[in-house]
Amino acid sequence: MSAAIDTDAAHGSIGSEAPIGRTRGGAAPAGRGPRERFVPRAGAMLVMGVFTLYFLIPIWWLLVASTKDRADFLGTDPLWFADFAFFDNVAALFAYRDGVYLKWMLNSVLYAGLGALVATLLAAMCGYALAKYRFPGRETIFNVVLGGVLVPATALALPLFLLFSRVELTNTFWAVFLPSVVSPFGVYLTRVFAEASVPDELLEASRLDGAGEVRTFFTVSIRLMFPALVTVYLFQFVAIWNNFFLPLIMLRSEELFPVTFGLYAWNSSINQFPELRSFVLVGALLSIIPLIVTFLLLQRYWRTGLGTGALK
Amino acid sequence: MRHTKRAVAAALLTTVAIAMVGCSAGGGGSDAAYCEPADGDVNLTFTSWIPGIEDAVAIWNADNPDIQVEVQTGPSGNAGTYQNFFNQLEAGNAPDLGQIEYDALPNFRVQDGLENLAACEDIVAAEDQFLPWTWSQASLGTDDELYGVPQDQGPMGLFYRSDLFEQNGIPVPTTWDEYKAAAEQIRALGGYITNFSQTDINQFAGFVWQAGGQWFQNDGDEWTVDLTSEESTKVAEYWQDLIANDLVSTYPAWTDEWNNAYNSGEVWTWNSAVWGANSILSGAPDTAGNWSVALAPQWEAGGETAGNWGGSSVAVFKGTEHLYEAAKFALWLNTSEEALTSLNQTAQIYPATTAGLELPVLKEGVDFYGGQKIYDVFAEAATQVSPDFTWGPTMTQTYADVSDGFKAAASGDGTLVDALTKGQASTISTLEAQSIPVAE
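Going down the list, the protein sequences come from chains A and B.
Going by the numbering used here, the first sequence wraps up at 1669, each residue one higher than the last.
Going by the numbering used here, the second sequence wraps up at 501, each residue one higher than the last.
Straight-line distance between alpha carbons at most 20 Å, and here's what the computed DMTMM-like set of lysine to aspartate or glutamate pairs gives:
1. A:1489 to A:1552
2. A:1460 to B:115
3. B:241 to B:302
4. A:1460 to A:1611
5. B:483 to B:465
6. A:1460 to B:131
7. B:424 to B:398
8. B:379 to A:1525
9. B:468 to B:302
Since the hints were made in silico from the structure, they are not lab data.
All values reported here derive from a predicted model rather than from experimental measurement.
In isolation and in its complexed conformation, chain A is listed as follows:
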């Protein structure tokens, strides 16, 4: 667990700057002294406060809007509550078209949850191999993967569609799932992390003890790489959850849609079918809950992992 200790130390140092500065007196660099601190800190807080508001107001609006019935939605203050109809709205949403919304949520959880899991495993194996084994073409492979980080997923959607059309896999679960299990960034991060946190001596020790390479990977290395893996998992989870362009191009059957694409489809028809509006609002609010839950559950690792990646 040396990595975890390292990063804890790194975090600690930020918090302990002040006492060190104070004890060392004049040795502290200018601009970090206790007296000049107030203005920059207030400035920073102000900037952060403004941005927090900027990001939170739309969510607040969404929260308020989804508790209103149709008449109140238009006729009352958009940023404050009127008659509370949230549960009626949710019930109507769940009942609409035989609960297709719940099906979409389940699809999103499957695409993002399962896809990120497989993506993390593949990235971990790939990054680990690139870090710990010497073989010809290693750097070339790594550079190609690194190049993959630079290619936006959106640009790949159409070529992927044409490829999947050839093998007749469009409009299937696999059309969204398979492209989701690839994470060049994950390979990059796990390689960097494995290089730093999995000591060669440990691998030799386990080889001497008679463990095969695969067993070593799953019992020893993967545990050492855990913070990086959580980071990769979260990144990939969010990326798949938010990737709406690939489903837009690949999917036609409503029962396969992820929630982002389903809501987009409804939203695109609001002018013609205004009754969809409250479904879109409530649906959008509910659809952020799984993301929040995932973040809250994994945020401890998330911070550790990010810090580690940045330091190394």
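Chain A is fixed; fit chain B onto it per the hints.
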């Protein structure tokens, strides 16, 4: 959302570029023997974004065990489904049938993506069941081609606040001159007669359509672009005058602000299509019972003209192996009483057939409109729409460019006529960039 939009735009550009490369200038082969029934059972796929359309399809599937139709769905046409159609045509896995709005049909025609239904005798024989102008929207003004079965239409009328007009002793305008006079009276009372939408260019096209104008013409080979025709300019100058004198509001349409302007009674009328009845009902719930519908104001007193805003067709894509069955289904979906009733119930689809306008549900009074039988008005308007209006093959671009100019004009920068002039130039250059022949 902004990122998403940009990403979508970027990707659409890429796909358009690829589609351009892939498209060839093959003509639509119309071989009569081509439209023949298949042996054995047939399975068809049909893409439509209309919620609840599968109810109508379920009726068909129950009655036709040998021709089963599977409904696929997606966002509305311009929001992604059209682009998907082009991608699928490119990949050779397009559905058999698809929903296509009238203003997008020429684009698919130019890209050679549609089967010519004129090869199917049963379809051709059904022509007299449809309003002539809806048929010519699908035949693109030709005699020997047909690229879709008309599904619905959007004849335009005047939605107005009958209570406010009555209380203030203002007569309901029947001509555009009276409309302007009423606008001045209403402005003096602190309201606006209507809201000019900077983004609904197809609404503006509906005004031009009513005035007898033309934006595009196609002689079978070359396209004529005429956004600045005499009628089009006349309509633009009329609205420019209202905007310049602050007689109309210019809220962005379909926003909460816009809904609120109607809901609060600030804006008194809306020149909209039949489907707009539902938009007001949902956007301005506090005004229930106070609205009425009249025929659109005329350019000449006693005139009988109406514009159209919206409407779509069901088309059959190139590459289908079952043209006959697909066409048969499309015809049933848009002419049979049970299908039209179902479509009207689930999605307020306003049929394109003469018989469809007589559906019992369209003969009833509507409470929101004070019990007025509003569909009788639209049925009359539907017969007044000119069959001569043709859409161009690059409407998405034309809409976007003209809309940019309209937005600028609404904020005092340039005029609507300027916007049309720019739209004219950019449309021609877009057509030329796609190697579509343009008549000078």
